[in-house]
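As given, the protein sequences belong to chains A and B, one line each in that order. Following the working numbering, the numbering of the first sequence begins with 1 at its first residue and continues without gaps. Following the working numbering, the numbering of the second sequence begins with 1 at its first residue and continues without gaps.
By construction, these hints were calculated from the structure, which means they are not laboratory data. Keep in mind that the hints are not guaranteed to be accurate.
FRET-style restraints, in silico, Cβ to Cβ [said to hold, decoys possible]: (1) B:K151 x A:E242: 14 to 22 Å; (2) A:Y225 x B:I117: 53 to 61 Å; (3) B:T11 x A:E46: 52 to 60 Å; (4) B:T33 x A:P86: 18 to 26 Å; (5) B:D241 x A:E248: 33 to 41 Å; (6) A:D109 x B:L19: 21 to 29 Å; (7) A:K245 x B:Y263: 54 to 62 Å; (8) B:T11 x A:A246: 54 to 62 Å; (9) B:P167 x A:D249: 36 to 44 Å; (10) A:D109 x B:L251: 54 to 62 Å.
None of the values given here were measured: they were computed from a predicted structure. Idealized CB from N, CA, C, for every residue including glycine.
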Amino acid sequence: MKKKAILVDITKCIGCGACQLACKAKNGLPEGEEQKLSSTAYTVIEEKDGVNVRRLCMHCESPTCASVCPVGAIQKTSYGPVVYTPDKCIGCRYCMQACPFQVPRYEWDNSTPKMQKCNLCYDRIADGLPPACVEACPTGASIFGDRDEILQEARRRIHENPDQYVQYIYGESEVGGTSVLYLSSVPFGSLGFKTDISKEPLPMLTLEALSKIPSVVFAGGVFLYGVWWITNRRKEVRKLEERLKAMEDEEETHQKFKV
Amino acid sequence: MEMKTLVKKLTFWRSVFALLLGFGIYTTYLRYTHGLGAVTNLSDEFPWGLWIGFDILCGVGLAAGGFTIAATVYIFDIKRFRPILRPTILTAFLGYLLVIVALMFDLGRPDRIWHAIIMWNPHSVMFEVAWCVMLYTTVLALEFSPVVFEKLGWEKPLRWIKAVAIPLVIVGVLLSTLHQSSLGSLYLIVPDKLYGLWYSPLLPVFFFVSAIGVGCAMTIFESFMSFRAFGKRLETDLLRDLGRVIVVVLLAYLALKVGDLLYRGKLSLLGQAKTETYLYYLEMGMGVLLPIVLLAVPKLRKSYNVLFFSALLVILGFILNRLNVSITGMAVSSGVEYFPSWMEISITMLIVAVGFGVFALAVKKLVIFVETEAPEGSHLSSLQIDEASLVREPAPRYPGSVAIEQ
Numbered sequence: 001m002k003k004k005a006i007l008v009d010i011t012k013c014i015g016c017g018a019c020q021l022a023c024k025a026k027n028g029l030p031e032g033e034e035q036k037l038s039s040t041a042y043t044v045i046e047e048k049d050g051v052n053v054r055r056l057c058m059h060c061e062s063p064t065c066a067s068v069c070p071v072g073a074i075q076k077t078s079y080g081p082v083v084y085t086p087d088k089c090i091g092c093r094y095c096m097q098a099c100p101f102q103v104p105r106y107e108w109d110n111s112t113p114k115m116q117k118c119n120l121c122y123d124r125i126a127d128g129l130p131p132a133c134v135e136a137c138p139t140g141a142s143i144f145g146d147r148d149e150i151l152q153e154a155r156r157r158i159h160e161n162p163d164q165y166v167q168y169i170y171g172e173s174e175v176g177g178t179s180v181l182y183l184s185s186v187p188f189g190s191l192g193f194k195t196d197i198s199k200e201p202l203p204m205l206t207l208e209a210l211s212k213i214p215s216v217v218f219a220g221g222v223f224l225y226g227v228w229w230i231t232n233r234r235k236e237v238r239k240l241e242e243r244l245k246a247m248e249d250e251e252e253t254h255q256k257f258k259v
Numbered sequence: 001m002e003m004k005t006l007v008k009k010l011t012f013w014r015s016v017f018a019l020l021l022g023f024g025i026y027t028t029y030l031r032y033t034h035g036l037g038a039v040t041n042l043s044d045e046f047p048w049g050l051w052i053g054f055d056i057l058c059g060v061g062l063a064a065g066g067f068t069i070a071a072t073v074y075i076f077d078i079k080r081f082r083p084i085l086r087p088t089i090l091t092a093f094l095g096y097l098l099v100i101v102a103l104m105f106d107l108g109r110p111d112r113i114w115h116a117i118i119m120w121n122p123h124s125v126m127f128e129v130a131w132c133v134m135l136y137t138t139v140l141a142l143e144f145s146p147v148v149f150e151k152l153g154w155e156k157p158l159r160w161i162k163a164v165a166i167p168l169v170i171v172g173v174l175l176s177t178l179h180q181s182s183l184g185s186l187y188l189i190v191p192d193k194l195y196g197l198w199y200s201p202l203l204p205v206f207f208f209v210s211a212i213g214v215g216c217a218m219t220i221f222e223s224f225m226s227f228r229a230f231g232k233r234l235e236t237d238l239l240r241d242l243g244r245v246i247v248v249v250l251l252a253y254l255a256l257k258v259g260d261l262l263y264r265g266k267l268s269l270l271g272q273a274k275t276e277t278y279l280y281y282l283e284m285g286m287g288v289l290l291p292i293v294l295l296a297v298p299k300l301r302k303s304y305n306v307l308f309f310s311a312l313l314v315i316l317g318f319i320l321n322r323l324n325v326s327i328t329g330m331a332v333s334s335g336v337e338y339f340p341s342w343m344e345i346s347i348t349m350l351i352v353a354v355g356f357g358v359f360a361l362a363v364k365k366l367v368i369f370v371e372t373e374a375p376e377g378s379h380l381s382s383l384q385i386d387e388a389s390l391v392r393e394p395a396p397r398y399p400g401s402v403a404i405e406q
């Protein structure tokens with residue numbers, strides 16, 4: 001399957017909340033409208049100065065959360081969704097700490113908690129269906145398709161209506177690209193999007209440090225063993241010299257007694 | 001009669017400990033029945049708090065004396081430092097055990113702490129951290145075990161440990177190097193979240209170098225505390241030598257930190273009137289500059305009090321650094337304010353108190369501090385220094401036993 005993506009066209013969103021309703025129904029989350037991402041709301045519509053901004057997991061191309069998870073509970077599927085296996089999770093919350101978009105949520109009031117976030121309806125996609133939120137959108141503010149086609153569509157919209165859009169597709173290159181893309185009529189910074197974010201995939205930062213481990217272990221091991229060998233050798237030599245000296249002394253006294 | 005002894009035993013510190021224990025038990029109950037949200041001020045925006053910042057980051061760092069002194073004595077064969085081997089290895093071992101205790105509180109699913117053994121993600125720094133904790137705790141247990149075997153009079157295991165002593169120490173040093181630095185690497189992944197004064201590609205190096213400094217400082221600190229509590233102290237000459245080592249380590253650290261700010265072009269951040277700036281100055285001034293000055297002057301270094309005070313400064317500066325990286329430096333980008341709840345603080349304090357308590361108990365029941373100031377003209381001194389090593393050699397307590405050759 002080709003890589004999929006969602007395009008959220010902020011200019012078309014009327015803030016009806018149908019996406020959240022559909023999402024909650026699909027994922028069996030408790031009903032009730034929510035304004036902030038939570039462990040019971042995978043997608044929300046945040047109102048910023050009269051503009052409706054739908055938020056959900058960005059499903060990064062190189063997901064930071066998946067790279068930091070010590071037990072591999074988060075995986076990037078080949079067709080886009082970043083999915084979570086709760087049975088593996090140990091609850092270290094490094095994914096939350098590391099996510100550049102502050103997406104993962106936690107069940108703080110549960111004694112056996114899970115991390116919670118949008119899974120891009122990976123099962124529906126596998127069945128050839130769009131995610132529940134996209135299907136529910138009445139205005140076409142969210143559309144779904146192959147990522148390259150979705151990007152083309154986004155470029156077309158910006159190009160054809162330059163006065164209606166900011167000339168930027170948010171998510172095209174952020175942290176190496178995401179599977180959720182945004183178009184807006186006002187600068188992204190003013191809508192609470194992080195605009196000074198790195199364009200390089202973040203996992204590279206730790207991978208670089210981790211890749212040095214073998215050489216540190218090897219060089220360190222050789223160095224420590226080498227130093228020990230030298231100090232130990234010195235000790236042995238010293239001991240031997242002492243023993244020789246003792247033997248000589250003994251012989252001397254022996255001869256003295258003889259005389 | 002019995003009442004009287006009971007009252008007598010209720011000293012000030014014991015009541016403090018009892019109080020902490022009470023709070024701790026209450027918090028523990030809530031934590032495991034109602035979840036992390038019931039006891040901590042953590043949130044989706046601020047998922048790592050005091051328990052990670054202090055209990056884990058500082059706990060591991062303060063245990064760093066264990067590997068530095070072990071390497072000094074066994075690998076570099078600087079025998080002078082033998083008397084401080086045991087206290088530092090004990091500190092390290094306790095430190096790591098308490099880090100695991102803290103993890104059992106902080107992890108959302110402590111019952112799954114073993115998952116990292118079979119579910120691998122070598123791309124994760126946390127995975128590396130998990131393995132370092134597991135392996136190094138094992139190494140420390142083995143490094144400390146002779147002290148216990150000796151007490152029990154178990155000859156055979158003593159000899160086994162002896163046989164693998166050097167590889168054990170080498171593995172321990174390597175694991176520590178990886179672990180100390182990897183705690184810094186944890187934060188490499190948050191370049192846009194951690195404040196510019198602290199985020200650096202050199203974080204793992206900073207964590208490693210500062211850990212060596214604080215490891216030495218902890219040794220001095222313990223020695224003085226033990227003297228106050230039990231009248232047991234290490235040779236002051238040794239502690240002064242450690243003070244000199246601290247100066248060298250801190251100078252290297254300072255050079256790296258300043259060079260890094262220059263190289264990254266973040267020097268201008270030092271002129272901004274912000275909480276972060278003040279905390280940075282406090283961290284570097286209190287924990288690095290002042291101890292360098294105090295310890296570099298031989299006249300000052302001669303004084304017990306200055307030595308102790310400098311060590312304390314290094315430790316406090318180190319703690320502040322770890323809290324700055326994990327809490328203060330992350331505050332602005334998180335968009336929320338985090339301050340630990342009293343329950344988080346109570347667990348942290350209880351863990352520290354347990355650490356002090358177990359250390360004191362070990363000093364009472366086992367041979368941790370070895371008297372080295374032997375009477376003049378006596379040949380005992382060298383014998384006792386030997387006793388302080390990982391394995392007692394030629395064991396005076398077991399005459400006729402097989403002499404373990406060094």
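Structure-based check of each hint:
At about 32 Å, the beta-carbon gap between K151 (chain B) and E242 (chain A) misses the expected band of 14 to 22 Å. Under the hint 53 to 61 Å, the C-beta atoms of Y225 (chain A) and I117 (chain B), about 28 Å apart, miss the expected range. Range check, T11 (chain B) to E46 (chain A): Cβ separation about 57 Å, and the 52 to 60 Å hint holds. Between T33 (chain B) and P86 (chain A) the CB atoms are about 20 Å apart, so this pair conforms to the stated range of 18 to 26 Å.
As the Cβ distance of D241 (chain B) to E248 (chain A) is approximately 36 Å, the hint placing it in 33 to 41 Å holds. Checked against the given bound of 21 to 29 Å, the beta carbons of D109 (chain A) and L19 (chain B), roughly 28 Å apart, stay inside it. Distance hint check: the CB atoms of K245 (chain A) and Y263 (chain B) are about 56 Å apart, consistent with the given range 54 to 62 Å. For T11 (chain B) paired with A246 (chain A), a C-beta distance near 55 Å keeps the hint of 54 to 62 Å intact.
For P167 (chain B) and D249 (chain A), the hinted distance range of 36 to 44 Å is satisfied, since their beta carbons lie about 37 Å from each other. In this structure the supplied range 54 to 62 Å is violated for D109 (chain A) paired with L251 (chain B), their Cβ-Cβ distance being about 49 Å.
Hints 1, 2 and 10 from the list above are not met by this structure, while the remaining hints are.
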